[in-house]
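*Asks:* Spelled out, the chains give:
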Amino acid sequence: MIRLVDVSKEFKTKDTKIKAADRIDLEIKDGEIFGIIGFSGAGKSTLVRCINLLERPTEGKVYLDNLELTSASKKELLKARRNIGMIFQQFNLLEQKSVIENICYPLLISGVRKKEALTRARQMLELVELTEKENSYPSQLSGGQKQRVAIARALATNPKYLLCDEATSALDPLTTRNILELLETINKKLGVTIVVITHELKVVEQICDRVAVMSNGKIEEEGKVEEIFLSPKSETGRKLVLPDSNTGAAPTRDYLRIVFDGQSSFEPVFANLISELGIKLNILGANTEDIGGKAYGQLLIERPDESNVKKVRDYLDKTKVSFEEVFVSKEVISA
Amino acid sequence: MNIKIINLLITGIGETFYMVVASTVISYILGIPLGVLVYATDKNGICQNSFVNRIVGLVINLVRSVPFLILLVAILPFTRAIVGTTIGSSASVVPLVVAATPFVARMVEASLKEVDHGVVEAAQAMGSTGWQIISKVLVPEAKPSLLVGMTIAFTTILGYSAMAGFVGGGGLGAIAVNYGYYRYQTKVMLITVALLVLIVQIFQEGGLKLASYIDKRIKR
Ligand SMILES: Nc1ncnc2c1ncn2[C@@H]1O[C@H](COP(=O)(O)OP(=O)(O)OP(=O)(O)O)[C@@H](O)[C@H]1O
Ligand SMILES: [Mg+2]
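Top to bottom, those sequences are chains A and B. Take the first sequence: its position 303, counted from the start at 1, is 509 in the working numbering, and no numbers get skipped. Take the second sequence: its position 206, counted from the start at 1, is 1135 in the working numbering, and no numbers get skipped.
Just to be clear, a hint being listed does not mean it is correct.
[Claimed, not checked] Lysine to aspartate or glutamate pairs mimicking EDC-like chemistry, simulated, CA-CA at most 16 angstroms apart:
id: 1; chain 1: A; residue 1: K303; chain 2: B; residue 2: D1144
id: 2; chain 1: A; residue 1: K303; chain 2: B; residue 2: D1045
id: 3; chain 1: B; residue 1: K1145; chain 2: A; residue 2: E301
id: 4; chain 1: B; residue 1: K1065; chain 2: A; residue 2: E301
id: 5; chain 1: B; residue 1: K1042; chain 2: A; residue 2: E301
id: 6; chain 1: A; residue 1: K517; chain 2: A; residue 2: E531
id: 7; chain 1: A; residue 1: K394; chain 2: A; residue 2: D415
id: 8; chain 1: B; residue 1: K1065; chain 2: A; residue 2: E307
id: 9; chain 1: B; residue 1: K1145; chain 2: A; residue 2: E307
id: 10; chain 1: B; residue 1: K1072; chain 2: A; residue 2: E301
id: 11; chain 1: B; residue 1: K1145; chain 2: A; residue 2: E340
id: 12; chain 1: B; residue 1: K972; chain 2: A; residue 2: E261
[Unchecked claim] If you only want the chain A side, here are some residues facing chain B, beta carbon under 7 angstroms, derived:
id: 13; residue: R288
id: 14; residue: M292
id: 15; residue: Q296
id: 16; residue: E301
What the hints contain is simulated information worked out from the structure, not anything from laboratory work. In this text the structure is predicted, and so the values were computed from the model without any measurement. Heads up, the beta-carbon is just placed ideally off N, CA and C, and yes, glycines get one too.
Bound conformation, chain A alone:
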């Protein structure tokens, strides 16, 4: 279990202070895949680095199982870090060392003998399916392969936890999917608890059990991935679930967000809506997502005038399709 209690991190620069993490309380349970999502600058990296104390919080406590890391001795901290693997957006492999030497590194520094380290490293290579690259150097690998090596290295010492800071952000969609699948396997097979930092909802949807939405150093909301997707409660959450969240472009007019939760299928509902009510609706955006193996979809339509809104509302209620009304004046009525 990873537990953050009232954790804050303040950066002082010459003339300003930035609270990159602001009174964060968080509990990550053993065995889960926990996501932390937010836009750039939200403080996600800072928060995850507070877990292994790469960044020392200015306030608050960090617990790993029952050890309070923030007051642990240097030796205890180093030992605890060997129980928390970490992977990065830029892979951060040792460029002058071969793949196998990279994976051996964490073993050798923790006192494992060379021969055993090699055996263990080869097992890890097998796990990430890169056996044939044993003697290659990082510069000879693709991004996805580098991340696989980084994963093998992070898991070599058999840690209970794995922190992933934007681990797939430098990779193309297909490679991203493969890496996420690998992380899922690691979670299921080895029981490693995984913390995933990302700015992409897709990543969270594909593998996370629970997610925290972060903005301005604060956690705005936290819950099961489906819950957040179906009815985001925070401003940031709402922006992140929009079809074009990457561009950050939110509709400028009031809109209705109709969400299909895998029960009802997408097209018939909308087709029936139009044909039954006989009103014209303006589509602002739509997409489908795969969450935990179920197809989810959402449809944004421009808010029609009052009388028609009522008709739409009644119809959707009747067909048990969830939706929310979003006013660009930022108030939401969920249904």
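Keeping the supplied structure of chain A fixed, place chain B with the ligands upon it in accordance with the hints.
*Replies:* What follows is chain B with the ligands alone, placed relative to chain A:
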């Protein structure tokens, strides 16, 4: 040109090599820890200590700002205390080391700074101690760059060693001064200069080749 001159030149080459190699080696033995110290104690370094950092930085800058010839003369008593004399090749090694060590320290520092901070961070996240990061991450990762630095240091020291020839040091520098300058044997001077140029070329090329050969970042 007679046998005597040729023998003289051969001895000169030998002395120059002795001075330069000895000075380079000793400067690195002293300069690597100094460079690592400056790097590690810098802000955002792995063991920040602004006091140590400033003091060491100041000393390095002080020594580096003294022109070599002045340094050479200024530390004559120190040289005598160490080698017992102020003339000859061994005596030249002392001022060469004093002048080159701070230079080497800065070169080492610059090479270490080239190592991606993310790699250091990954090593920290894996629970490395400060010493493990220095010895197993920073220095090995900076090896090609350190080697390039070493060839630059070598050629710089070679230049200094020729200057030392002016004030009683040995080697090719002394021959150039004694025969070319004092006895107007221009030919001898030209030959020594050509030899110096050749040595610089060989080491420069060799060092760079070796550095790129051991650099695993280069795809082959
Ligand atoms: N070492 C530092 N010194 C000063 N400010 C910092 C430092 N590290 C981070 N910050 C600031 O803290 C805030 C949060 O940064 P952080 O890197 O945690 O964001 P992030 O959510 O990870 O963003 P991204 O998605 O771009 O990686 C930013 O405003 C950033 O400028
Ligand atoms: Mg980040």
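*Asks:* Against each hint, give a clear statement of whether it holds in the structure.
*Replies:* Structure-based check of all given hints:
1. Between K303 (chain A) and D1144 (chain B) the CA atoms are separated by roughly 10 angstroms; this keeps the pair inside 16 angstroms, and the hint holds.
2. Note on K303 (chain A) and D1045 (chain B): the hinted pairing holds, with a Cα-Cα distance of about 14 angstroms set against a maximum of 16 angstroms.
3. Simply put, K1145 (chain B) and E301 (chain A) have alpha-carbon atoms about 7 angstroms apart, close enough for the 16 angstroms limit, and the pair holds.
4. The suggested pairing of K1065 (chain B) with E301 (chain A) holds, with an alpha-carbon distance near 12 angstroms, which does not exceed 16 angstroms.
5. For the suggested pair K1042 (chain B) and E301 (chain A), the alpha carbons sit about 15 angstroms apart, so the restraint of at most 16 angstroms is met.
6. Under the criterion of a C-alpha separation no larger than 16 angstroms, the hint pairing K517 (chain A) with E531 (chain A) is consistent with the structure, at around 14 angstroms.
7. Taking the CA atoms of K394 (chain A) and D415 (chain A), the gap is about 12 angstroms. The hint holds against a cut of 16 angstroms.
8. Between K1065 (chain B) and E307 (chain A) the CA atoms are separated by roughly 11 angstroms; this keeps the pair inside 16 angstroms, and the hint holds.
9. Restraint check for K1145 (chain B) and E307 (chain A): satisfied, since their Cα atoms lie roughly 13 angstroms apart, inside the 16 angstroms limit.
10. For the hint linking K1072 (chain B) to E301 (chain A), the alpha-carbon distance of about 11 angstroms falls within 16 angstroms, and the restraint holds.
11. Pair hint K1145 (chain B) plus E340 (chain A) holds up; C-alpha atoms about 14 angstroms apart against a cutoff of 16 angstroms.
12. For the given pair, K972 (chain B) sits about 14 angstroms from E261 (chain A) by alpha-carbon distance, which is consistent with the 16 angstroms threshold.
13. With 7 angstroms as the threshold, the beta carbon of R288 (chain A) comes within range of chain B, its nearest partner Cβ sitting at about 4 angstroms, so the hint holds.
14. This hint holds: M292 (chain A) has a C-beta 4 angstroms from the nearest C-beta of chain B, less than the 7 angstroms allowed.
15. Hint status for Q296 (chain A): holds, given a least beta-carbon distance of 5 angstroms to chain B, under 7 angstroms.
16. With a least beta-carbon distance of about 5 angstroms to chain B, the hint placing E301 (chain A) at the interface is held under the 7 angstroms criterion.
Every hint from the earlier list agrees with this structure, and none is contradicted.
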